[in-house]
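Student: Listed below are the residues making up each chain.
2 protein chains.
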Amino acid sequence: MGHEKKRGGGTNQTLPTTTTTTTTARRTSIPRGRQISKTFNNLKITILCGFVTILVLRGTIGVGNLTGGSSSSEAKKVIEDTNRIIAEIRSDSDPNEIEVYLNTNDTYSLGPKIKNWNEEREIWLQTHPQFPRTVNNKPRMLLVTGSPPNPCDNPIGDHYLLKSIKNKIDYCRIHGIEIVYNMAHLDRELAGYWAKLPLIRRLMLSHPEVEWIWWMDSDALFTDMVFEIPVRKYDGFNLVVHGYPDLMFNQNSWIALNTGSFLFRNCQWSLDLLDAWAPMGPKGPIRDEAGKVLTANLKGRPAFEADDQSALIYLLISKKDEWMDKVFLENSYYLHGYWAGLVDRYEEMIDKYHPGLGDERWPFVTHFVGCKPCGSYGDYPVERCLSSMERAFNFADNQVLNLYGFRHKALLSPKIKRIRNETVKPLEYVDQFDIRRPPVQKDDKLHNL
Amino acid sequence: MGHEKKRGGGTNQTLPTTTTTTTTARRTSIPRGRQISKTFNNLKITILCGFVTILVLRGTIGVGNLTGGSSSSEAKKVIEDTNRIIAEIRSDSDPNEIEVYLNTNDTYSLGPKIKNWNEEREIWLQTHPQFPRTVNNKPRMLLVTGSPPNPCDNPIGDHYLLKSIKNKIDYCRIHGIEIVYNMAHLDRELAGYWAKLPLIRRLMLSHPEVEWIWWMDSDALFTDMVFEIPVRKYDGFNLVVHGYPDLMFNQNSWIALNTGSFLFRNCQWSLDLLDAWAPMGPKGPIRDEAGKVLTANLKGRPAFEADDQSALIYLLISKKDEWMDKVFLENSYYLHGYWAGLVDRYEEMIDKYHPGLGDERWPFVTHFVGCKPCGSYGDYPVERCLSSMERAFNFADNQVLNLYGFRHKALLSPKIKRIRNETVKPLEYVDQFDIRRPPVQKDDKLHNL
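Just so you know, the protein sequences line up as chains Y and S, in that order.
If you read the first sequence in UniProt numbering, its first letter stands for residue 1, the second for the next number, and so on.
If you read the second sequence in UniProt numbering, its first letter stands for residue 1, the second for the next number, and so on.
Just to be clear, a hint being listed does not mean it is correct.
All copies of an identical chain are treated as equivalent in the list; a pair is satisfied when it fits inside any one copy or across any two copies.
Straight-line C-alpha distance at most 30 Å; calculated DSBU-like pairs for lysine-lysine [stated by the list, open to error]:
#1 K283 x K320
#2 K326 x K425
#3 K320 x K233
#4 K138 x K372
#5 K299 x K77
#6 K372 x K283
#7 K77 x K372
#8 K417 x K352
#9 K372 x K409
#10 K415 x K283
#11 K417 x K77
For the record, the hints were derived by calculation from the structure and aren't laboratory data.
Using the sequences and the hints given, assemble the complete structure.
Tutor: Below, the structure written as structure tokens:
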């Protein structure tokens, strides 16, 4: 406001100034220009406030609801309710439970030392003839796989876990192998990739009738439904794992073998190996320190905590004389087949070869190392991984559907098409196309694959 | 601005006014009050604009990125890539492929009429002794289940499909039953709940060694891991389904039986029943019209297209004399157990009873009718369904983990705890706790459940 001159009498009387008049006018009437200016300012602020309000509302309740759409809000509610219950299930941790890590001085053990497992097991088998150690004249085998008990971080992960177990169910049904799908953490210290160790031990001791425990990762798929593991080849061995002697003993490479798919004989030696393998596993300082040792000693290994694969390589290299006489490093077929070099060749394989070979011509197992569909971040582009996994799944599924007269329209297609008409003599096709039966004419049987 | 008086000479000369001075001052100096006011206005607008900018940016690139975090944008990219490849896989339909529905004049057939299946199958079994019709002195059984080939609309759906098949794998391993998990649409006309018909037929004809085909929905879980189907009770029957004669024949109720879990003997009669059952199934006008017939004739049935369950009820009611002599309506145990009345009683069951009963005291199967975790909209609140399914799964899992010395911390918890210490004599527990073996002392074996 202006300066108000003194009114009335006094020594310094001056004429009333316009300022005074202006002040009075401000009280009674605002000059038009300023009125417009003020209105304009207010309008600007009003518009801005309204805009802010819309943005905030949009973020909270959704544009769809502003325009009256209800299906997207219902679906959203389903998702919210789902997330709420999943969060509740996940957060069941005891508030008093503190994560305690073993330190490097502590000794970790998978369990009390068992020293006479071979003898005990043999006696048990003799006294329990109703649980033979062979199935269809083959040593009894138990395939073990699994995944964490909670939903995957990436929703598509659960879908591919489902397809992966279906794939394993198919192979195991055809070949008379039992399956254990583990979704429990048996040992708090040995979590993550190490979880297979306490699991294998527990299963060996609980299933004495089983001759071979076959661990297989959830991201490994069977792609040769005909091929069978040549178990007789391993009569003198107790651990069969895909690997390369040169990479192991000449190069000390951290990928000299792969623990995504391997066989453990159910025997004392295996229990002892598990005991020797486990010490690098307990999470926390032990695993971290062990990781440094492994990185320092294994060629190409990045710096990260100890993983079971590197630890096994290190153990077998450093204690070669103690263990290697019973370890078979298999690479004549793909007990583990690294996916990147295989998935683009499926059409070529169908064209040139047939199931039953198990090697680079028709891989036994295609293993999606590094894809991690269950987690948030894999080592490869998501699209590349998912489309490749879909192709591998369908490539295998075609071999199963063949008995039923179907195949997938394309390797990337979930849809199937008929390749044989229905008949009033279905048993002729059973004899011809069931994998479990010796082929009548090898070419005919496999022609449609 | 003020009014500027004329300067200099002229008739209306007046003293220069303060206004003029003010104007000049405005050009050269704004009165302090108005300066503050103007500044304040500008400040308000600046703040609002800044706020709007932040909101818009937040909506586009995420707060995390504003603060330097990259993980949320990476995760978002993973989701986008995932959705893109899934859309590509889903959209593999042939653009030239037009959905053609059979009309009500057309005749639908599951396949060419087979008339001598019993004889053909018998000859085959005699000539294929390596594929016996019994397993462990029990008729050979094949459990059939499945789900669509595409990811679930609700992401959590795939996780519960995974848990459901793990549950079935456990039961079937313990009881020597093979599993087929179907993810293919064998017949375009009979899609949805009708898909089990062509699937059952195809499996019967492809697996002559199988005596019983057991269809089980993906939303049905085994909750009694000890109970076995008393197959000898059904020696004179070919279809075993959970149902109530009173509801069927006195009330014509549309829920008189449940096709979520039933057994079909592999025989000519079953092929004939499938042929008689299928005609209401082809989607389109046939299924719609059939739905009206069913709603008109079955008590309590809402108006919707024909479903396989209602169609079977209608068939058995209207052709009672033709079929019912070979149909066993079982309700002495829960071959199908409606979940809502069971899931809240699990703790009470654990307290009072033990596995092996299979009935309301310890239900054989808990069936989550109406929950539809794979779809977007079930008939019950999502949280109620998911938490109940989690409880049922863990209730069953406890019975499996018992052999290994573990149980879940609570029925809603994925975490497990040890209930028996490791021992150097593991085979003692095997004898005591393995479900497959007769209990040493019934109370001890089941105590920890």
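Student: Against the structure, test the hints numbered earlier, and report the numbers of the ones violated in rising order.
Tutor: 4, 5 and 11
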